[in-house]
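Asker: One letter stands for each residue in the lines below.
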Amino acid sequence: MARMKFICDSERCIECNGCVTACKNENEVPWGVNRRRVVTLNDGVPGEKSVSVACMHCSDAPCMAVCPTNTFYRTEEGVVLHDKDTCIGCGYCSYACPFGAPQFPAQGAFGVRGKMDKCTFCAGGPEANGSQAEFDKYGRNRLAEGKLPACAEMCSTKALLAGDGDVVADIFRNRVVKRGRGAEVWGWGTAYGSKQAGQPNGAKS
Amino acid sequence: QSVNSVPAGGASTTTPPAKVAPEDLPPGATPGAGPGGIQGQNIFEVKPEVKRDASSEPGYLDQTNGQRNRVQPGNNAPMWRGVQRGMEGYSSLPKSEAPEAGVLIQAPVAYPGTRYVTAGEAWREVRNRWLIPYGGALLVIALLALAIFYFVKGPLGHEIGDGPRRIERFTPFERAAHWANAIAFVCLGISGIVMAFGKFFLLPVIGQTLFGYLTYLLKNLHNFAGPLFAVSLVIIFLTFVRDNLPQKGDLRWLLHFGGMLSGKELPSHRFNAGEKVVFWGGVLLLGAIVVASGLVMDKLIPGLVYERRTMQLAHMVHNVSTVLMLVMFFGHIYIGTIGMRGAYTAMRRGTVDDAWAREHHAYWYEDIQAGRVPAQRSKPLIAADGPADNVRPA
Amino acid sequence: MLLTKKTGSTQAQARSPLVHSLQRGLSAALPTMDRRGFLRRSGLGVGVGIAASQLALVKKARAKDNDAAVGAGRVEVKRTVCSHCSVGCAVDAVVENGVWVRQEPVFDSPINLGAHCAKGAALREHGHGEFRLRYPMKLVDGKYQRISWDQALSEISTRLQDLRKASGPDSVFWIGSSKHSNEQSYLMRKFVSLWGSNNCDHQARICHSTTVAGVANTWGYGAMTNSYNDMQNSKAALYIGSNAAEAHPVSMLHILHARENGLKLMVCDPRFTRTAAKADQYIRIRSGSDIPFLFGVLYHVFNNGWEDKKYINDRVYGMDKVREDVMAKWTPDKVEEACGVPEAQVLQVAQTLAMNRPSTIVWCMGQTQHSIGNAMVRATCILQLALGNIGVSGGGANIFRGHDNVQGATDVGPNPDSLPGYYGLAEGSWKHYAKVWGLDYDWLKGRYASKALMEKPGMTVSRWIDGVLERNELIDQDSNLRGVIYWGHAPNSQTRGLEMKRAMDKLDLLVVVDPYPSATAAMAAMPGDPKDLNQNRAVYLLPATTQFETSGSVTASNRSLQWRQKVIEPLWESRSDHMIMYQLADKLGFGKELVKNYKMQQVKGMDEPLPEDILREINKSNWSIGYTGQSPERLKAHMRNMAAFDVKTLKAKGSVIDKETGYDIAGDYFGLPWPCYGTPELKHPGSPNLYDTSKHVMQGGGCFRANFGVEKDGVNLLAEDGSAPVGCEIQTGYPEIDHVFMKKLGWWDELTDTEKAAAEGKNWKTDLSGGLIRVAMKNHGVHPFGNAKARAVVWNFPDPIPQHREAIYSTRPDLVAKYPTHDDKKAFWRLPTLYKSLQQKNVDDKLAQKFPLILSSGRLTEYEGGGEETRSNPWLAELQQESFVEINPQTASNRGIKNGDRVLVKTPTGGNLNVQALVTDRVGPDTVWMPFHFSGRWQGQDLLAYYPNGAAPIVRGEAVNTGTTYGYDSVTMMQETKTTICDVQRA
Ligand SMILES: Nc1nc2c(c(=O)[nH]1)N[C@H]1C(S)=C(S)[C@@H](COP(=O)(O)OP(=O)(O)OC[C@H]3O[C@@H](n4cnc5c(=O)[nH]c(N)nc54)[C@H](O)[C@@H]3O)O[C@H]1N2
Ligand SMILES: Nc1nc2c(c(=O)[nH]1)N[C@H]1C(S)=C(S)[C@@H](COP(=O)(O)OP(=O)(O)OC[C@H]3O[C@@H](n4cnc5c(=O)[nH]c(N)nc54)[C@H](O)[C@@H]3O)O[C@H]1N2
Ligand code: HEM
Ligand code: HEM
Ligand code: SF4
Ligand code: SF4
Ligand code: SF4
Ligand code: SF4
Ligand code: SF4
Ligand SMILES: [Mo]
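Protein chains in written order, with my numbering: chain A, 1 to 205; chain B, 1001 to 1394; chain C, 2001 to 2987.
Take these hints with a grain of salt, some might be off.
[Unchecked claim] Cut-off 16 Å, straight-line C-alpha distance, at most; resulting in silico cross-link-like pairs (EDC-like, lysine to aspartate or glutamate):
#, chain 1, residue 1, chain 2, residue 2
1, B, K1095, C, D2738
2, C, K2762, C, D2799
3, B, K1095, C, E2882
4, C, K2451, C, E2427
5, C, K2431, C, E2455
6, C, K2826, C, E2470
[Unchecked claim] What the simulated footprint calls covered on chain C by chain A, stretch by stretch (three residues with Cβ under 8 Å from a Cβ of chain A suffice, anywhere in the stretch; the number is not a length):
#, region
7, 2122 to 2135
8, 2246 to 2260
9, 2862 to 2876
For the record, the hints were derived by calculation from the structure and aren't laboratory data. What you are looking at is a predicted structure, and each value in this text was computed from that prediction instead of being measured. All residues carry an ideal CB built from backbone N, CA and C; glycine is no exception.
All chains, full assembly: derive it from the sequences and hints.
Answerer: Printed below as a string of structure tokens:
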């Protein structure tokens, strides 16, 4: 069974935000909600690197563990999705997520956050695949169409790879072997690397 | 290269980042585990051309990523180390809209009772491993204790006499404030409990969908009731603070636990020492903490930057203090309802009769008898459509 | 607690294992970099077919506003090209019920392989167009009011006729657009010619004009020599004055791939840019000092004997003179003094370029936008010639162009000094075009004020304000400018904004034809100095369509032409530019003449000239630059069969017959990169790399152009023996082909009789039959433009050997003394132009003390140009919400400025820009940098109130050009935007 993962190759990413607007475009994500964002480290000095980050669809997802309403679920491809009908907008997932993935639409009065929104790996939500209801709540379900996430498909430098973990790792490996550097896959350690996300490798929870 | 040499996702792929020389690791960390175990992963054994001797240069560990790349091209250890420590990068999103957009990964932290992991993970551990199970247990234990107490001791005090002489114990204003506060508290308590524990006791019963909608409702109720509660709490405090100041006899009352166990109640002023403990500890101290942390979680404190760390701390404080407050007010509510005869009517109608006052608040009764405290403090309300409670003739 | 989604549906079951196994299989089977294979959705990408079958999602439906949307319910996929930069990324637009509902990447495109930067990935917003101008408007009492198209066109044409009568046709300035398709740009030039003036221009003036002039004068054509794709063959690349990662993001796809295969990447820039972040070497120079640096590099090349001696001997003129100059003037100490780069670093660059050949150089606005831009670009050319890198795959002068069609608009569009195809303005050129247009030469001449003015280059867009403000006796035409038509150009992209406001107020007529005319609109409507306001001024806004509401061809930076299909019908009341041109021409009385050769098509019930027919007219006339082979049919066949082209060479991988046209693309290069000589029937494949002698001319090979005579002062200008394209029958150098030469060679009889008739008395550029070209190329492998040497010395330029000269506004009086600028010019593009007098005045006024920081400006990925279009796109606007100034931490702390503070950028013109400080090491302590895409705030004031209702962009900010200063290139009138001066203070 495919296990969907992202790799962002920081040797390639140029902070062009193509992935960000691709996501906005494909999923009609409103202003203020950034399912994906790009961060530049060591900005403006030698050694600068940029990384595009969204939900990593963690193996042992902290968001899922803290959600008061058990609104998260995981698809057969390992994509972490959630059900907006039962989300209460408490924000706990955003406190727990190491990557800052969960987003909330415009802040209302008294901490009313609205329903949480985050990257779906372009896999929609619990509604019927490709239905209008699914689109309205979660954006496109590209996986159901046999396509990969919009952000990765449109990445300007193909820094961002998305797909079955084995496949994207292969592509990335080829690149690394070729250039002989930059083998670090950002975020994997935390998202999938150990049994318990965010814990030292091998640590038992 | 064989595809199979790449471990499948999810399985443990704990190859230590090959390019990271041991010196690159923070002191005390084992290879493969950055601080908090957050790490980029070299998922293949691809080593960059690393000049090994570069690592023996003085100042190697203090090199910036740029400097490191000059001596060891492709070795980004200094940067990833920074990232692991929560180093903030550049993001073009405005701080006002996305304060943490520049942070790739939460900085590690050890909250009480957790390991040194990403703050979110630490918070998750605090909540899921400590607060929810132990807090829940505490609440259940408190309820059980009250139940046992009730079955063993039954309601305290004697049957309420409907004695001829009514003493005004709480003015209409006091009662209004109290009930506003009490209602808000009950709403908050119930909604809070459902949020925190509902998925264990309620969700399996009513199902995901109904539970979701219900909790959504309660959560929003919680959000709005909170500020209301905060305001009424202040009023309560101001209204009752005078009579809750320590007075002679309080200490004795406390030491003998009000005589509750002996069955002979000790004399007290308008409020006994037990009530005063609830007042100062529960209303003021816990109340303030609950309100403050709650307002932070509601994002109602102006000027504060609502980062995840802020929210996590606020949440933990809120959760601990609300559980304690719940326990305390379980007691208060118990005494105020089924636990003591006449107490509820006192707060419901505002008046007690001489017998009740004498039995439960002897000093206060004396003061009233002596005229030091008026028996009727509010202006009697003579409503057109009927007599008010406190002037109802016997 | 773990829930697993029940994926019951059939597609879901079929999906994942298939995705999985196909991708695995492919990526295992294919070598490293055939990402295209992988990305083409692993064969799942019957693609939009699947998408379409599942689409029932009409998003943000504009259907009700959109007549054409009613009915059908069909889902169509239209292939178009991103309109935001010259990379030319292809896009598949999914249209349902006439509404653009989705955008899919085109993995087949050999240019972008599906990739997009932020702008391209947000392209579909054009289909929403929420903040666009919806109907024609007119400024009445300081407010914009809706009027009808009919009223607008009538009033505008009456006003124009009045101006024409009172002050002659040259009293109006027409600012065309690099955003127009080739057909629209061409029609624009034709329109202005028929109106009777050369006062027209477009963005290229303030973009790559110095490149075009400098490069064309060096070796023939003013264009990028190779392609983004070809850069995969480079072993080293020097980016000097280009920030491709932000300005041409998708080009980085090729470069980063090349870098993984060993390319050494060097970036030379005053700023540590996103491109610099990817470089192996970064060289920080002082803005405006490229010549010292480049010649410093050349010094080491010569010093170490790294130059390609045979190449120089065979193919370059004047290198010896350059060498003398360089060795004398640009010793390492002088280099370091002038540009701040230490010798070791300069040497390393020289060594890297020399030892890793073929090496390429990329430049862009960092070099062009200077008062010595023409010299800078030539210095770069000379370095490449010395290294023997031109005409070589993997080498080349890779000049990344700007707007999506700035290359095309430069080639065939509204230039003040030339008719389409660089034909110039001489009588012969006019006669050539009179014939092509089917018009009488004398009638054409009659449209002009005089024959002299017909043959005199017009003013430039960089200077139109002086055309208005300059004293009449000092300008080189009868009247001052009184009317300006902004036809797809922003105002905040030209310098001296404060003076522009005055000029705008003085006009009699201002017309803006643009989907987003709002920046100009707001600037015109805001109150200025009442003294300046012409009481009789009329301002009109006309809503033009974007390129997605029409069809046409567009030329990417690598000279490939791509055909855009129409995606949607015009939104709101907007009309396509060529329709507006036709309608306005009709009102002005030359409508018939304008469209004589075109059929009409109906758009929303109105006549619109058929773009295909306009392209055919271009095909029939633009022999000089090989815009003749790209027939609409060939271009469309290429667009439909993109997958058949190789990513590295751009060549069709084999024979593929296009289903609709029956055309076989075998042998073609993608998009028939110009020059694609001869008629379409000749089947010239286009030229992937210019001047490449390793290929037969019929396979896209070539040599340097013979455009400057056969000898200069007794020195041979033609190529030496043996240096000719493969298969060329003339192995010596030779001049261009004309009827006389043809006859001398004895090839005349290879022409058909009709060809002979047409070619008699003509040269290869004016022979409308294409016979001369056919015979020379096909039968003899001879390049029609001759075979000459490239010129290291361009004797017709102010500095034949490029000289460093300090910017007019410089922070370094000491260097001004050593490297002063040119003398003032009296009548230069019809205007007096200041150099030395102003520079000296600035030194005397001690401006450098009051304004001690260099102010430079440039691009952000998310926005484009003046930015009104992109700042109206919420998906982009969210990512850059504030106009800012980058300032070095040291400079900032000296001024008590913290990151995020509001600051004032003060400039010598009185500019007082209120922006946010971005404290960053990207810039050095002597330099500050601003993005130039903002407008809508003016010296601290928000202009929202002056925008047409509902047409204000989402993000408004202070425009850097409000504060920029005087300074123009000594050949092309390029404005000096990259090097001026300022001070920054806390607000
Ligand atoms: N996102 C985006 N992309 C665009 C555009 C856009 O507006 N937005 N516009 C398109 C257009 S029209 C154009 S022309 C291109 C322009 O593309 P570029 O020219 O690459 O972009 P700029 O940012 O203008 O300038 C490039 C660099 O020149 C540097 N520079 C400044 N002064 C000097 C100097 O004196 N010497 C040297 N060597 N460098 C200097 C600047 O620091 C800057 O990093 O981009 C095209 N692509
Ligand atoms: N300070 C500073 N100034 C600069 C530069 C710099 O680096 N620094 N760069 C310079 C350069 S290189 C350039 S190219 C210019 C760019 O500056 P401009 O070209 O002036 O800026 P754009 O906003 O791209 O202008 C294009 C206009 O065309 C409109 N448009 C788009 N499509 C169509 C269409 O199909 N038809 C019509 N009629 N209109 C259309 C858009 O809405 C927009 O208003 O700026 C120059 N100015
Ligand atoms: C000013 C008063 C209060 C405010 C502003 C407030 C606010 C909040 C907020 C914002 C949350 C987080 C969940 C959410 O977003 O809804 C929360 C959770 C909670 N609150 Fe309150 N609250 C207040 C008072 C109380 C009181 C009085 C109690 C109970 C006695 C209480 C009990 C809880 C509980 C149990 C939780 C759930 C914690 C968890 O899920 O771990 N709150 N409160
Ligand atoms: C359903 C909930 C509650 C019930 C049934 C209840 C009942 C009562 C009763 C019967 C009294 C009168 C006791 C006496 O006469 O001495 C009382 C007093 C009081 N209650 Fe409550 N109460 C409730 C909730 C609360 C809450 C949430 C607070 C504040 C956080 C509160 C604060 C007080 C105070 C301040 C007094 C006055 C006595 C003192 O100061 O100790 N009550 N309550
Ligand atoms: S990245 Fe965050 S939101 Fe996504 S699965 Fe992991 S914890 Fe959950
Ligand atoms: S915001 Fe929604 S998804 Fe996140 S934890 Fe709360 S209920 Fe769950
Ligand atoms: S996978 Fe889809 S939803 Fe997730 S960031 Fe990419 S485009 Fe957005
Ligand atoms: S599109 Fe690709 S290169 Fe651009 S920011 Fe996103 S990940 Fe980086
Ligand atoms: S702006 Fe340029 S690089 Fe970006 S998608 Fe459009 S054409 Fe491609
Ligand atoms: Mo440009």
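Asker: Does each hint hold? Answer for all of them.
Answerer: Verification of the supplied hints:
In summary, the hint linking K1095/B to D2738/C is not supported, as the alpha carbons are separated by about 66 Å, beyond the 16 Å threshold. Taking the CA atoms of K2762/C and D2799/C, the gap is about 34 Å. The hint is violated against a cut of 16 Å. With a C-alpha separation of about 12 Å, the suggested pair K1095/B and E2882/C falls inside the 16 Å cut-off, and the hint holds. Restraint check for K2451/C and E2427/C: the C-alpha separation of about 9 Å stays at or below 16 Å, so the hint holds.
With a C-alpha separation of about 12 Å, the suggested pairing of K2431/C with E2455/C holds against the 16 Å cut-off. Between K2826/C and E2470/C the alpha-carbon distance is near 12 Å, which keeps this suggested pair within the 16 Å criterion. With 4 residues bearing a CB less than 8 Å from a CB of chain A, the region 2122 to 2135 of chain C meets the requirement of three and the coverage assertion stands. Remark: the region 2246 to 2260 of chain C is confirmed as covered by chain A, as 8 of its residues place a Cβ nearer than 8 Å to a Cβ of that chain, reaching the required three.
Beta-carbon proximity to chain A at under 8 Å applies to 4 residues in the region 2862 to 2876 of chain C; the threshold of 3 is reached and the given coverage holds.
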